[in-house]
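Asks: Residues per chain are reported as follows:
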Amino acid sequence: MSKLNITSQLSDNDTRDLIILVAMIVPPSKEHDLPGADDPLIFTDILAAAAPHSATIVPAIQALDTIARDLQEKGFAELAVEQQEAAANAFRNLNAAEAELLEALTVQCYYRDERVKNNLDMDTRPPFPVGFELEQGDWSLLDKVRKRPAFYRPDS
Amino acid sequence: MSEEPVDVLIIGAGASGAAVAWSLLDTRMKIVCLEQGGATNPADYPSTGNEWEARRSSDFSISPNQRKLKTDYPINEDDSPIKVANFNGVGGSTVLYAGQFPRFHPSDFRVKSLDGVADDWPVDYETLEPFFEENDRMTGVAGLAGDPAYPPRDARPMPPVPLGKAGQALASGFNKLGWHWWPSDVAINTEVYDGRDKCINLGACISGCAQGAKGSADVTYWSHALRGGVELRTHSRVREITINDDTGMATGVIYYDEDGAEQSLKAHIVVLASNGIGTPRILLNSKSKLFPDGLANSSGLVGKNLMFHPYAAIQGIFDEPLDGYKGPHKAVQSQEFYETDPSRDFVRGYTFETSRGMGPAGTAMTGLGYGRIPWGQGHHKAFREMFNRVTSIAAVCEDLPEEHNRVTLDDMLKDSDGIPAPKISYTLSENSRKMLDHAVARGTEMMTAAGAREVLTMAPIKFAGWHLMGTARMGSDPTRSVVNEWGRSHDVKNLFIVDGSIFVTSAGVNPTSTLQALALYIADQMKQRLANLFD
Numbered sequence: 001m002s003k004l005n006i007t008s009q010l011s012d013n014d015t016r017d018l019i020i021l022v023a024m025i026v027p028p029s030k031e032h033d034l035p036g037a038d039d040p041l042i043f044t045d046i047l048a049a050a051a052p053h054s055a056t057i058v059p060a061i062q063a064l065d066t067i068a069r070d071l072q073e074k075g076f077a078e079l080a081v082e083q084q085e086a087a088a089n090a091f092r093n094l095n096a097a098e099a100e101l102l103e104a105l106t107v108q109c110y111y112r113d114e115r116v117k118n119n120l121d122m123d124t125r126p127p128f129p130v131g132f133e134l135e136q137g138d139w140s141l142l143d144k145v146r147k148r149p150a151f152y153r154p155d156s
Numbered sequence: 001m002s003e004e005p006v007d008v009l010i011i012g013a014g015a016s017g018a019a020v021a022w023s024l025l026d027t028r029m030k031i032v033c034l035e036q037g038g039a040t041n042p043a044d045y046p047s048t049g050n051e052w053e054a055r056r057s058s059d060f061s062i063s064p065n066q067r068k069l070k071t072d073y074p075i076n077e078d079d080s081p082i083k084v085a086n087f088n089g090v091g092g093s094t095v096l097y098a099g100q101f102p103r104f105h106p107s108d109f110r111v112k113s114l115d116g117v118a119d120d121w122p123v124d125y126e127t128l129e130p131f132f133e134e135n136d137r138m139t140g141v142a143g144l145a146g147d148p149a150y151p152p153r154d155a156r157p158m159p160p161v162p163l164g165k166a167g168q169a170l171a172s173g174f175n176k177l178g179w180h181w182w183p184s185d186v187a188i189n190t191e192v193y194d195g196r197d198k199c200i201n202l203g204a205c206i207s208g209c210a211q212g213a214k215g216s217a218d219v220t221y222w223s224h225a226l227r228g229g230v231e232l233r234t235h236s237r238v239r240e241i242t243i244n245d246d247t248g249m250a251t252g253v254i255y256y257d258e259d260g261a262e263q264s265l266k267a268h269i270v271v272l273a274s275n276g277i278g279t280p281r282i283l284l285n286s287k288s289k290l291f292p293d294g295l296a297n298s299s300g301l302v303g304k305n306l307m308f309h310p311y312a313a314i315q316g317i318f319d320e321p322l323d324g325y326k327g328p329h330k331a332v333q334s335q336e337f338y339e340t341d342p343s344r345d346f347v348r349g350y351t352f353e354t355s356r357g358m359g360p361a362g363t364a365m366t367g368l369g370y371g372r373i374p375w376g377q378g379h380h381k382a383f384r385e386m387f388n389r390v391t392s393i394a395a396v397c398e399d400l401p402e403e404h405n406r407v408t409l410d411d412m413l414k415d416s417d418g419i420p421a422p423k424i425s426y427t428l429s430e431n432s433r434k435m436l437d438h439a440v441a442r443g444t445e446m447m448t449a450a451g452a453r454e455v456l457t458m459a460p461i462k463f464a465g466w467h468l469m470g471t472a473r474m475g476s477d478p479t480r481s482v483v484n485e486w487g488r489s490h491d492v493k494n495l496f497i498v499d500g501s502i503f504v505t506s507a508g509v510n511p512t513s514t515l516q517a518l519a520l521y522i523a524d525q526m527k528q529r530l531a532n533l534f535d
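In order, the protein sequence lines correspond to chains A and B. Position 40 (the first sequence) corresponds to 40 in this note's numbering; numbering is contiguous. Position 190 (the second sequence) corresponds to 190 in this note's numbering; numbering is contiguous.
Extracted from the complex, chain B is given alone in its bound form (with noise of 0.2 Å):
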């Protein structure tokens, strides 16, 4: 017997789907999520033992090619000096995110008017201000009012994480050079809040937190979504969405459930959060007669402008022992830099934002890798040269979207159940080169302010394509865009996508919050307009 249709199916248990699913729960609908991945459990959480470190680098790495777990889809990278850094799992990529949680600007949804370059956004912040209130309180939010370098908010959720002496050294750094600094904002417990225990500063929080201070989407809005009545299917991994070639209405999915057995779900309304490759690759992968070039995509935009945050990263040696591995990775950020400046050559700008410390293993790889740890004799002496004295920033550069950045299906490549695995197609653009070696001088030069007497620099980062984005766009011409100005399809009246890939923009801090804020917004839209949705 088939399943009767449901309401509202989600596909994607991250951070946009669960906000989605938890906005939707006053509506009494019938909504159901699948997850291709599962929940995790935190006491498997690689700070509960002695391999945590280790454990980064194989089932808890941020790039799904080295974790190759049985949730995890391959994609192909080749072509891009950037690589995916994602989970797939009950909380998406927040399981393994740092918290850090700045919003974007006024000034990032208005590009095109401000500086002349890619477009502007349908959307605005004054729209979305309730949404990002509303969020921080969902999430719990440490940080503190008054950055000038942001309009006059709320006070936040709890107070600020700790300076620790990383982030005071680094303070110091920014106060000697007169340039703006502010503690992060951070989706970290510093209280008790919501029913979660406050951080105790495990210094693990890019591998899963242990201690459920971190905000991470599995348990915050996730708790409340499933208490309310949402039904989340773990190890559901969707192929494609189905269409009705009469009404061009979606009329649900075929997904695979974690025996492989291939199964339908049909639904009224379908809600695509599964990121800014995933979500164009089930489009791409959801061709019918109606469709022939993949789902929503009559503009042609489906997986093009796909958009990272180029990182620097700019490591300091101290003389005397920082933080090392203990404590939250962020403390503080700086936007110093954040704001187009036409005396440079590059338009837009980016973020500082701090990295605490490390632990032993990840002191001496990185040693390694930039050559000031040597094979031999040489070894101990340099190790504890770096060990508990390195502290470091990462300037998250503004990307922009460009065509040719895309996401398409490998010819060859396929996921455990056979279906197509994306391919990336990036290159880095020549304003996010300028902005990157602007950011390694600018970076250099505070780092030395701060006391460093030597100074490891990298850009772009290899592993560090964190931020997904761009790649369904949201925009008010069918033409020019794949979503409306409220998260529909242009193509499919009952197909929304609520996850990074309909950012216009990337602005230059991460994405999580103006994520979940955006997500809250359409899915308050479509609560507005459930008369007359479909119209």
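Same shape as in the complex, but just chain A (with noise of 0.2 Å):
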């Protein structure tokens, strides 16, 4: 993993604001005993993801206070759940291309965090270089298309 972040072009607003939309979008799970990605270590591992991008990810963490602002006359982490959800709506449909990266860093790192795999029944490994049994599955679904005539079409 990369120990870059983007910390340091971060206020601590932008930062509270980016946990808090995060959470909103992978929330922790007590029914299926699982962390939000708000949690510490995936949230780290969000911000080094997060690194590249940081030039569209500051200003779209700062877009997503000012419509808050713009709402509600408080930031992003200042408003009622219900207030949050509704600006994180807004965030969404005018920000949509920065809504969609924030999304997929979010899950990526989520999804490879070993509590999230081991809570799915996943192998906690990389797939290289034990790989994974996989089923032959019924061949002889293949009986009936093997009866049928040959159907390609002559050249001429």
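Hints in this document: simulated from the structure, not taken from any laboratory. Predicted model, so just to flag it, every value in this text is computed and none were measured. Take these hints with a grain of salt, some might be off.
Now the in silico label distances, taken between C-beta atoms and shown as ranges [stated by the list, open to error]:
(1) Arg125(A) x Arg480(B): 54 to 64 Å
(2) Asp121(A) x Gly146(B): 34 to 44 Å
(3) Ser343(B) x Ala96(A): 33 to 43 Å
Quick look at which bits of chain B chain A covers, simulated, 3 or more residues with Cβ under 8 Å [unchecked claim]:
(4) 50-59
(5) 368-376
For glycine and all other residues, C-beta sits at the position ideal for the given N, C-alpha and C.
The two chains are supplied separately, each in an independent frame; assemble them into the complex guided by the hints.
Replies: Written out as structure tokens, the structure reads:
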């Protein structure tokens, strides 16, 4: 994992907003015994993954705060949960590409967290070098197609 | 001291350049290949680390505009609903392909005669057949003989990849409707083959095979070509092909090395193998007194007739677990709707090819993209309904050539060496839209028959411009084509083009098998005509 992150480019307020936003994308779940994307380890990973995209992410987070202030005259972090959801929805509508990037970074980091993988009964190792088993499936299904006459089209 | 001229200079180390380099080995000519990218170390492929899914959106993205590596060139694709997918490096885009390896059909070479559209090719299936066979042996193809959608042919070198649960579910769906399906021909080792290990179901074909089981050109043709003495210069980006203004013959190229220093290399024969975007870009950048509109462009067709394959995606969500992220992406294909049917409102047709499944991040991104997985508390429940329970089919639709679909040079955009970048202008035709609509409707019907409880569709797929064809088409008429029946430029008698640019039409299948067979055919023609190659 890259050691870089965009912390130095985010104000404390920006960081607080980003933590809230990623938890809105993937919240913690008591039912499934899962952390949210605001979990400190996962959020640190998100910040590192966001580093190459800082030119997009930093203004996007600031745009979210501006939207919140336009709607409720308060910063995003200061809003009630319902108001935050309204601001986030407006953000997704007005800044669709940036919101999609934030979604992608959030779920890419969330679903490579070992706790999350364990919870999903996944191997926590990378695919290589062990690989995976794959069953052959039922090749008798092909019998029906084997009986079909050739139907390719001759070229003349 | 300037370097001695080489006999053959190949521009591009992808699927076609690799095949030609290997085929020309037996001429004992001095062969040099210039490749703008590097040679990727399989140990660096994403599947060797836990970031394997995320890296599909960064350094192993299929989009050069997203990767933005020094070895990539930018592409202005603002005027196209389909975005280019490629990889610049030894092996070219085969490094990131899924290995789907069907051949064109006999009818694909005769679309004008059979359906009254586009043009016939100047070569036919029968002519290419021995080169298809040779290419299958060199690449290592897994599959099964007996497909009623094709003429009879030899057994494949290896048995097919497993159906798995996903392939079995989809095969059942095709069977319920009485539709054709068959195990896909794939360039994936299902056994140890040609010194390469067999597939271990990494599920990461499209971000490079760390196992070396996928037949990408870097591990197939290049392994043999390099051992045979072909010189491959990586990080060498060609700016232009140079011309002798008196003779009209190509003299070599000017290129930039890894340090950005300008270099030149003289050659007796120049072979362009830089794909349907890169090849017209180099030709259009090669302006001279003799060729003010770009090299080999007396027909005015360089860059025109760009064809992709418009893709439709049909994804099914099933109740029972499928294969998820495990296994090669491809398993089976259906050509039930491949040939023209006068009862439909479009000509030509398409192939359904299956795509096995996705990892967790891919599942989440797909679900979010379709609005099937929400933000907030509903995320986990919706995610679990999809994870390991999604499989899909893609319709590969034949795209017909239209001159207004084209590659030009961008006025402003340049690569890291300052070479003007390509701009693509592309519009989906009415025929393609109708074909996509048909594929979505029939695909949804099949997914439902297969047992999917929910079906998600998308057409066209935006980031699926894998197949780049038609921009330097072949033909016997110099006013209607750029190269002749055996790949030689009509205008420059020691310039050959061997990549997808020379395709006359696109067919409704992935082009790599046909592209490499055609490259081997052209190389064979060159060998047979060596004594009078430039006449």
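Asks: Give a verdict on every hint.
Replies: To see whether the hints hold, each was checked on the structure:
no.	hint	result
1	Arg125(A) x Arg480(B): 54 to 64 Å	holds (56 Å)
2	Asp121(A) x Gly146(B): 34 to 44 Å	holds (39 Å)
3	Ser343(B) x Ala96(A): 33 to 43 Å	holds (40 Å)
4	50-59	holds (count 7)
5	368-376	holds (count 4)
Checked against the numbered hints above, the structure violates none of them.
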